[in-house]
Amino acid sequence: MDAIILQILNGLDKGGAYALIALGLTLVFGTLGVVNFAHGALFMLGAFCAVTFNKLLTIEKVTVDPTQLTPWGTAAEIKTPLVEAWLGEFGKVLVNYSVPVSIILAIPVMLIIGIVMERGLIRHFYKRPHADQILVTFGLAIVLQEIVKHFYGANPIPQAAPAPFAGTAQVGMLLGLGDAIPYPWWRLVYLGFSLAIILAVFAFLQFTTYGMVVRAGMRDRETVGLLGIDIERRFTVVFGIASVVAGLAGVMYTPILPPDYHMGMDFLVLSFVVVVVGGMGSLGGAVAAGFMLGILQSFASMNEIKSLIPGIDQIIIYLVAVIILLTMPRGLMGRRGVMEE
Amino acid sequence: MLGNLSKNDWILVIGFSAVVLLAPILFQPIGAAYPAILEKFCIFGLFAIGFNILFGLTGYLSFGHAAFLGVGSYAAVWSFKLLSMNVLPAIVLSMVFAGVFALVIGFVSLRRSGIYFSILTLAFAQMSYNMAYSVLTPLTNGETGLQLSLKDPRVIDSLFVTAGDGLPRTSLFGVGISGGGLPGFYFTAVVLIIGFYVALRIFRSPFGLMLKAIKSNQNRMRYTGFNTRPYLMAAFVISGVYAGLAGSLMAAVDPLAGPDRMQWTASGEVVLMTILGGVGTLVGPVIGAAVIKYFENIFSAFNENALANIFSFLPQGLRDGVVKISSLFVGEGWSLTLGLVFMAIVIFLPGGIMEGIRLIVSRFKKRGNGNKSAVNGQAQPAE
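If you read the sequences in order, they're chains H and V.
With this note's numbering as the guide, the letters of the first sequence map in order to residues 1497 to 1837.
With this note's numbering as the guide, the letters of the second sequence map in order to residues 1475 to 1857.
The hints are simulated quantities; they were obtained by calculation from the structure and are not laboratory data.
A quick note: this is a predicted structure, and the numbers were derived from the prediction, not measured.
Backbone N, C-alpha and C fix where the C-beta goes; we use that ideal spot for every residue, glycine too.
Wrong hints could be hidden among the right ones.
[What the hints assert, rightly or not] When the alpha-carbon atoms are kept at most 27 Å apart in a straight line, the in silico DSSO-like pairs for lysine-lysine are as follows:
hint : chain 1 : residue 1 : chain 2 : residue 2
1    : V       : Lys1555   : V       : Lys1625
2    : V       : Lys1686   : H       : Lys1623
3    : V       : Lys1839   : V       : Lys1481
4    : H       : Lys1551   : V       : Lys1798
5    : V       : Lys1481   : V       : Lys1840
6    : H       : Lys1645   : V       : Lys1798
7    : H       : Lys1623   : V       : Lys1689
8    : V       : Lys1686   : V       : Lys1481
9    : H       : Lys1588   : H       : Lys1557
10   : H       : Lys1588   : H       : Lys1551
11   : H       : Lys1645   : H       : Lys1551
[Stated by the list, open to error] Over the 10 Å line for every Cβ pair with chain V, so calculated as not near, a few chain H residues:
hint : residue
12   : Lys1551
13   : Gly1663
14   : Leu1701
15   : Arg1711
Please build the complete structure, drawing on both the sequences and the hints.
Shown next, in the form of structure tokens:
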């Protein structure tokens, strides 16, 4: 029982990341009809927003303190982050919470990146075949990740979770099961965060007039255009939102997985599988499939199952995708008529 | 045999063979005349030709073609380990394995088309890559890669010769192939020419026409009561066999195989080569492969010192700036250049280099004799 709950929890946080990336992918696909291979790069850029913010916060000022001596007998150099020097205690808290706080930086940055990408490149590819869209966004993904590699190097850069969340939570106690199920706090935070973002996106689409127009445009963009609404502009904003969602998923994932330049591509392949399993263009499908595949993957990596079918943890997601595509061509929740051939 | 090839096609084959065979002399001026890089040109050219049979003719964009290359490499190295250091059994074996593998993957993937096909092939390739890394370690030797060792049985070889000291070289009936000599290059070159000739025959055959028809309108083909699946299947398997052949050559000139060859970046690379050269053209993919491998070789070798030498004619301040900026694109940053070039090609010249050449030629013709040129409509833009 404990093991099962633990595996479900393990799957949920990874599933949260898959769901967030897949949500953006399928949102872009449903509105703009574009298959965006650079979406993983947006996730990666988000993660590097957190890295950059942390670097900015920890720029240090070196002061020489003649009263303290190093073992070599010279005056000790004391390094204090500038933020601490300026803001005192609050600065310390800020450095500690640099990952969640960098969301504030990431939102505008990712929004701008997304809108520039759509306006500058992707809008010229609406009328071109899907193969061309795949190819040009694939090229863009390479360019983005190489630029990041140039500035940040090829090694993963670990980011610390804020101190209060750094330990492990005794989930078993919370559930009243008595037996301890140790689980990192930050992963719980990530799970909650991803659920909140998913809810926010759904609420935006479901309960605002803007979202209603976007949904109408997904159904039939021509009619919406004929009603005198500038649907292209709305879709650009949707692309920006998808970019922000991917970026935030990246920001919050940094304490779980130290970001490196190719993390985007690693997640992209899986997220595509998630989108396809959920059904191209279906938002609910993407979220459901994201969590489902995340949980399946963590179950497959249990030792009991691995000893039964060796290596299943490596291929389970792809296997499920193949089976689903063959038996349910539209995916779990695909709409009729969207990209069937 | 001479059947349905026109005079122009024969000129093409002969010209192509001449260029390939004379490459050690022709490529002297650009500094790419040594066997190691020429072998790369040939191997990746072959890979791209095979990919083009699928993508260029049917329009099905496979994002997992490197899986076949990897399977071919592993099969070839196993053949070197178990059977013989002769390259012929290795080649046959890896073509068979890659073909069977393509049959299985094609059976599943070809049920869908468009973006789904791309994602399915990508998923299969990642699956093979992950398995080569983990479960199949007894077969693939995991991360280290499969290598020859002194304890290999080599059943056939041991019948004829006693094993010497050290690791043997791969050979073709006594002529050494691995180790970067000219015989190795000529071997790959001959295989490339044969592969090119077969591709040409496929392009000109009724089968090739069927594939082109599937590309231009699959639905219409189906409405006429035509089952497209077997044709697609055949194209997929043929291009998989080409990839397996390329993989075996890779193992023949350098007998080891690692899972990296199956990674999706490798699949992306062959797409790049084909697009750069020109999708659906015959020579394009080979040119694309050669151009990419050539510039990869040159650009990766640059570093800041070399750049500073090149720009030494500039004044100090300006030079530092120029060196800083251009160092972004060379050495480690070669992939960045590749990505940018690739984007530029897809955006501005979807037909690749061949399309560019055609445009230039037709412009010259137009200048020469009035309005006769526009009928040159043989090459069509990609997809």
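These are the hints, each one checked on the structure:
no.	hint	in the structure
1	V:Lys1555 to V:Lys1625	holds (9 Å)
2	V:Lys1686 to H:Lys1623	holds (22 Å)
3	V:Lys1839 to V:Lys1481	holds (22 Å)
4	H:Lys1551 to V:Lys1798	holds (22 Å)
5	V:Lys1481 to V:Lys1840	holds (25 Å)
6	H:Lys1645 to V:Lys1798	holds (15 Å)
7	H:Lys1623 to V:Lys1689	holds (18 Å)
8	V:Lys1686 to V:Lys1481	holds (22 Å)
9	H:Lys1588 to H:Lys1557	holds (14 Å)
10	H:Lys1588 to H:Lys1551	holds (14 Å)
11	H:Lys1645 to H:Lys1551	holds (16 Å)
12	Lys1551	holds (20 Å)
13	Gly1663	holds (31 Å)
14	Leu1701	holds (23 Å)
15	Arg1711	holds (22 Å)
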